[in-house]
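Novice: Just so you know, the protein sequences line up as chains A and B, in that order.
Everything in the first sequence is counted per our numbering, starting at 1 for the first residue and increasing by one.
Everything in the second sequence is counted per our numbering, starting at 1 for the first residue and increasing by one.
Because the hints were derived from the structure by calculation, they are not lab data.
Please note that the accuracy of each hint is not assured.
[Said to hold, decoys possible] Some chain B residues close to chain A (C-beta under 10 Å, calculated; not the full set): (1) F55; (2) N62; (3) F63; (4) T177; (5) L180.
The beta-carbon is built from N, C-alpha and C at its ideal position, and this holds for glycine as well.
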Amino acid sequence: MFQTRHSVRLAGVATLAAAAMLLAGCAASGGSSSGGSGSKNYAITFLPKNLGNAYFDTSDAGGKKAIAEFKGTYAEVGPATAAPDAQVSYINTLTQKQVGAIVLSADDQKAPCSAINQAQKAGVKVVTFDSDTAVGCRDLFINQATADGIAKVEVDMIAKQINDSGEIAILSASANATNQNAWIDLMKKDLAANHPNIKLDDVVYGNDDDQTSFDKTAALLQTYPNLKGIISPTTVGIAAAARYISTSAFKGKVAVTGLGTPNQMKAYVKDGTVTAFALWNPGDLGYLAAYAAKALIDGTITGKEGDSFKAGTLGSFKVGKDGTVLLGDPFQYNKDNIDQFNF
Amino acid sequence: MTTTTSPTTGSSSGGRNYPGYGRPLWQRLLIRRETAIIALLVVVIVVASAAVPHFGAPITYNFLLLDTAPILLIALPMTLVIITGEIDLSVASAMGLSSSIIGLLTQAHWPFPAAAAIALLVGLIGGAVNGLLVTRVGLPSLAVTIGTLALYRGLAQGLLGTTAVTSFPAFWTDLATSTLPGTLIPSVTVLIVVLALIFGALLHFTPFGRGIYAIGLSPDAAAFSGVKIQRTKFILFMLAGFVSALAGIFYTLRFGSARGDNATGLELSVVAAVLLGGVSIFGGRGALPGVLAGALLIGVLASALRLAGITSDVINVITGTLLVLSVILTSFLAWLQRMRLSAGRKRRETGGSASS
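The following block holds chain A by itself, in its conformation from the complex:
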């Protein structure tokens, strides 16, 4: 009996000690992240929707580059999976650590807001990028692209690829997709006003489903034998259309362009199916967000309309309506630059 009691106690003590050491070890390796260079607190932490996401790896790397340029302290934290409330505990933690600024892509429009307000009260600047919160609750939103910009770049690309004349079609997402419909309306206006020789035959919907988009591409090419180009303003659609055309007799004869991601499109750009497609550059987005955070920390801007600040190699930017900064025109990917991107 005596021995039993003893071993029970020993085991208990061992567990406690192990847990304590585990914690102490981690604490030591983690260290303190606050502080920065000079009098300003340039500790800027990126908080993406979730970690291990190639898109955010690219954007946060852009932020890291910018922060290194102005000798701040870069850090990246975030939840393993995106959930509406997942970022709240991280914002709280960063508030306690008194970082200079948090740069986040919000998982939910509203859920992080009370935590953000608490952070702001403690003097932490909050910049959103990629995905905004409600307007009142952050200092600045770095907008990757506007509807006008996206519509224009797509029309410009197809016009260039088919020498500004011929029949085209649009392969969209679903018939009630808000973003795509807004872009398509703008594209139609642009075509009518500036490209009289381009005829838009049809708008079809692949529902952002790979197989449906693939089948719709096939149907388009059969229905309109004179088709010279397809615009797909959705990443699923453009990849499916490119896949169909790359294995068909239309390869090199029918142009495909629109919005896509580099990893998805690399093969089709290299085999000549696709000359160019567009999307914003997430690296630049993170870079700009970091400089916006710096300007807020410096106090050179407060986030009101008309403020302007310098963002390293990207040049000078102005704050627009609702505390929004626009990155600029969408970025065009082609065979010369696509290998630099991995997302």
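We have chain A already, so just place chain B on it with the hints.
Specialist: For chain B alone, kept in the frame of chain A given last:
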């Protein structure tokens, strides 16, 4: 904290050797899983306060309690359910459903208390569905609640679609994040304490609670002793549904955002907290104080590690390891004790619950 295991005397003829009562009272109170977890919690808090910058600040505990409140709430009925040998995995989906319903009704300009009442009612009904399928149809609760996990989540997302409702009255959202006057303790702590006292009294100080342990230890013996097994389980599933809906309302108000995917995956945190707190997944053993400490321990560890700059993956690894260790430790100690007893008496002990 009372002793929890009612020993099944079995065939102890004349020897009067109750394994559960083989040691003096103070030892039985001190050397047990619950005490170990509470002690571990205290140690982790002390170490973290000393080693992790900013952890000692009072605001840490404010965030911590707000973060763990839904887990603490749902862990209460979950403990009772697991002690009967059942499990309810649909609790987080029930939270999501409750969130969707108050979102939808608020959007339709219902007064908030009415919307909340409907959400609680739906939680109760959801729990009753689980209970009926387990007790009347006789299906295993693991299968039933995996099914309703998908079902309630599907309903929640179907009701709201991809939209989020954020137009809640400021009075209620402020209340959810408010603190007790003059302190940094969140007001929701009052709700947790009251419910913990109610569930603690129910489990540890009533015949109904004795019945819960009896069912978990031996359903047949419980039935023969007059415990209404089906009714007890049915009530417990309804309580789990009700408290989940309540947690869903708190969750929605705290974040000011009603979404169908709110609280996805929270059921596993709840079960982890309950098991870490010393409740046996096979039923029959466990106590509420340990469970509350288990839930807080997971929260404190996560909070301290986040402040120390550890990434979420590593935090999950540490929490998981701790859980596995705690389960292994119990089995190991039980095995050790059995070995000692059998060696000492040259008689094979068949009772499983040697140390608790």
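Novice: Each hint should be assessed against the structure and marked as holding or not.
Specialist: Hints versus structure:
no.: 1; hint: F55; in the structure: holds, 8 Å
no.: 2; hint: N62; in the structure: holds, 9 Å
no.: 3; hint: F63; in the structure: holds, 4 Å
no.: 4; hint: T177; in the structure: holds, 6 Å
no.: 5; hint: L180; in the structure: violated, 17 Å
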